[in-house]
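Participant: Go by the hints and put chain B onto chain A.
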Amino acid sequence: MTDFGYTLWIPLLPLISFILLGLFNRFFKEPGAGYIGMLSLGISWLLSIYTAWQYFFVWGPAEGKYEPVIPFKMHWITFGENLSIDMGILIDPISVMMIVVVTTVSFLVHIYSRGYMHGDEGFARFYAYLSLFSFSMLSLVLSVNLFQIYIFWELVGVSSFLLIGYYFVKPSAIAAAKKAFIVTRFADFFFLVGILMIGYYAGTLDIETLNNLSFIEKIITENQGIVFMGLSVLTWALILIFIGGAGKSAMFPLHIWLPDAMEGPTPVSALIHAATMVVAGVFLVARLFPLYYHVGDGFALRVVGVVGAFSALFAAVIALTQEDIKRVLAYSTMSQIGYMMMALGVSGFEGHEGLGYMAGMFHLFTHAMFKALLFLAAGVIIHAVHSNLMKDMGGLHKYLPVTSWTFLIAALAISGIPPLAGFYSKDEILHAAFEYSTVMWFVGFFVAGLTAFYMFRLYFRIFHNKKTEYAHPPKEDSKFMTAPLIILAVLTFFVGWVFTPFSQYVTPTREVFHYEIHWTSPLVWGSILIGLAGIGAAYFFYFKPTEYPQKVASAFGAGYKWAKNKFYMDELYMFVTKRIIFDKISRPAAWFDRNIVDGFMDSIGNTTVWISEKIKLIQSGRMQEYAIYFVYGVVILILIFYYYNY
Amino acid sequence: MIEGVSIQMILTFTTLLFFIGLYGFVTRTNLIGMLMSVELMLNSEAINFVAINMYLFPGKLEGGMFSLFILALAAAETALALAIILQVYKRTGSVDVKEVKELKY
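First to last, the sequence lines map onto chains A and B. In the numbering used here, each residue's number is its place in the first sequence (first place is 1) plus 505. Residue 2 in the numbering used here sits at position 8 of the second sequence; the count goes up by one each step and never skips.
What the hints contain is simulated information worked out from the structure, not anything from laboratory work. You can trust all of the hints, since none of them are fake.
The calculated DSSO-like cross-link candidates involving lysine-lysine, where the alpha carbons are at most 27 angstroms apart (straight line), are:
#, chain 1, residue 1, chain 2, residue 2
1, A, Lys578, A, Lys723
2, A, Lys896, A, Lys980
3, A, Lys1049, A, Lys972
4, A, Lys1049, A, Lys980
5, A, Lys1119, B, Lys98
6, A, Lys1049, A, Lys971
7, A, Lys1049, A, Lys903
8, A, Lys1083, A, Lys1066
9, A, Lys570, A, Lys723
10, A, Lys1121, B, Lys95
11, A, Lys1069, A, Lys675
12, B, Lys92, A, Lys1121
13, B, Lys92, A, Lys1119
14, A, Lys1119, B, Lys95
15, A, Lys1049, A, Lys1066
16, B, Lys98, A, Lys1121
17, A, Lys1056, A, Lys972
18, A, Lys1066, A, Lys971
This one's a predicted model, so the numbers in the text were calculated from it and none came from an experiment.
Chain A with its partners taken away, still in its complex shape:
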């Protein structure tokens, strides 16, 4: 039995760094603050790797099953026999995988920011926020209690808000930060309601208890009578929780904040809006997977799968048309998260049927690596070119060789070309989807092709295509920025085949099963070929400046315009909020509040003042009048008593 008590330090170190940098902001000058952040995250990262090694390899599965460990847990608020809010640390396969992902990306982003934020006034503040985020995210993934998840869920939301609005003198950044916060907060409201429903109807918020199969059976039978609109109350609770997850993970239709969140500094986009925070929704569904699978015959899980598949397709289509490189990456992130959600949605539970779950988690893992790499590379490009738009780029390959090569590796990985990381996870997702339904598989397959196309559209237009003349020749001027790229590229290169089969580590039941890729299967060939087809098409269109993109765009006409404007989702939201909610609901409500409610309360106050103006004259200051009143009073009292007694 290994003691995992030291895991408490994994979230605590970033917290200490946050407190230090946050409180003593002024005392830390530029490099110092960065090194404090790097040091704390570096130690956390080492501890996470050690934990993973201990948990998966030294401790290992007992009789083919990983046992969860709770090295630390305290009751914070107790409501009933089982219902309490606990704070603690739960070590199980997915939380261990998540801490490895979070600390790895966070550590590399800390290093990278040393170069990227060089010379920025708020250097220490930036590192303080990064540490706050790392602390919240690590605590979130290690949670023992649903409410603990919720608390840290809000904290990551806050740190995301702070970091998107980091350039707080830029109006667009402020607007984006507010948008992100309000949209995710709106979704979190449903999450909270879902948690409260679980707490009320299941009687506990403890994750281990909730995922216990006999307990699930018990609460299903207890609550089967309570039905609303044909779905049981527990199904509703799970759907509400998923809405919270969809808000954080930018699933359709709550995705509108993610592209705007790109206003934040690029390392933030890499850390929060690509690799870690946005997959919190996937993590949440995975965390409660036994509930999702069993309650209501998996209806909530089917909702997850359909929303995921739709978001994957929707975002991929938008990504084809965007001009801003960070926005392309943002939509690509949304699309890939949709993939993970779809993988969870198509997953079974026992044994080999848990392939989808395993693939979704694996994709989360690999995606974090290559998407962080793509964003960090985009950061180098933006740093060098001082523009986000693809039209200002082109022919950068000879100026930024390291970025170009690492970007190419990440782009190949996301396109699903073996032996890079993305191939393994994506192939397993497609496999699971195929076993579930052909439609799901086809959506995934089609999205894989689109992904390859838009990633290579990006790659060719940035690094090849036309020869742009630059006023200052762009260069990679900081080792702090290129080193993380190389590390992530190496990781992207090998995590795929090293961790295949991932079912050795992460499965729905925590029981390992064996899985191998059938290299001869048409499914595998299909997914490789569609990736290559996408790349080929992108090469044909974009390697050299050609007329084809315009021609195709005009051939699609309205459809292209529609997609380019993000299917007018922002406009739709504006219409709903401004025209309907503000005009039709808020304004009348405000009028009612100001005139009826306030008017009533004001009139009470005014009447009191008016009456007191009139009756204060009794207090004349003439003492003998008081005596007379007193005597009258006594006389009246005597008469009353006399009357009632006789």
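Facilitator: Showing chain B alone in chain A's frame:
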């Protein structure tokens, strides 16, 4: 128990005394006069205590005790009132209650 004096007589006497005091208190404008009227009312009550004790509960002492209390209270109250009246006099140059009407709304 006093021969030839009934309790009704005593009570009539004290009632008269009380209302004389009340009348004085309401009509006099001189503060000293008002103080004296208050004393009249207090004393009528003290007599009531003693008389009722004597006629209804002979052999007990509570009524007497109360009248003693009233005496002590009256003395203290008089001292206080006289002090206030002195201050009023210093301030206004008279002891007329009509001069003292700043204490109002």
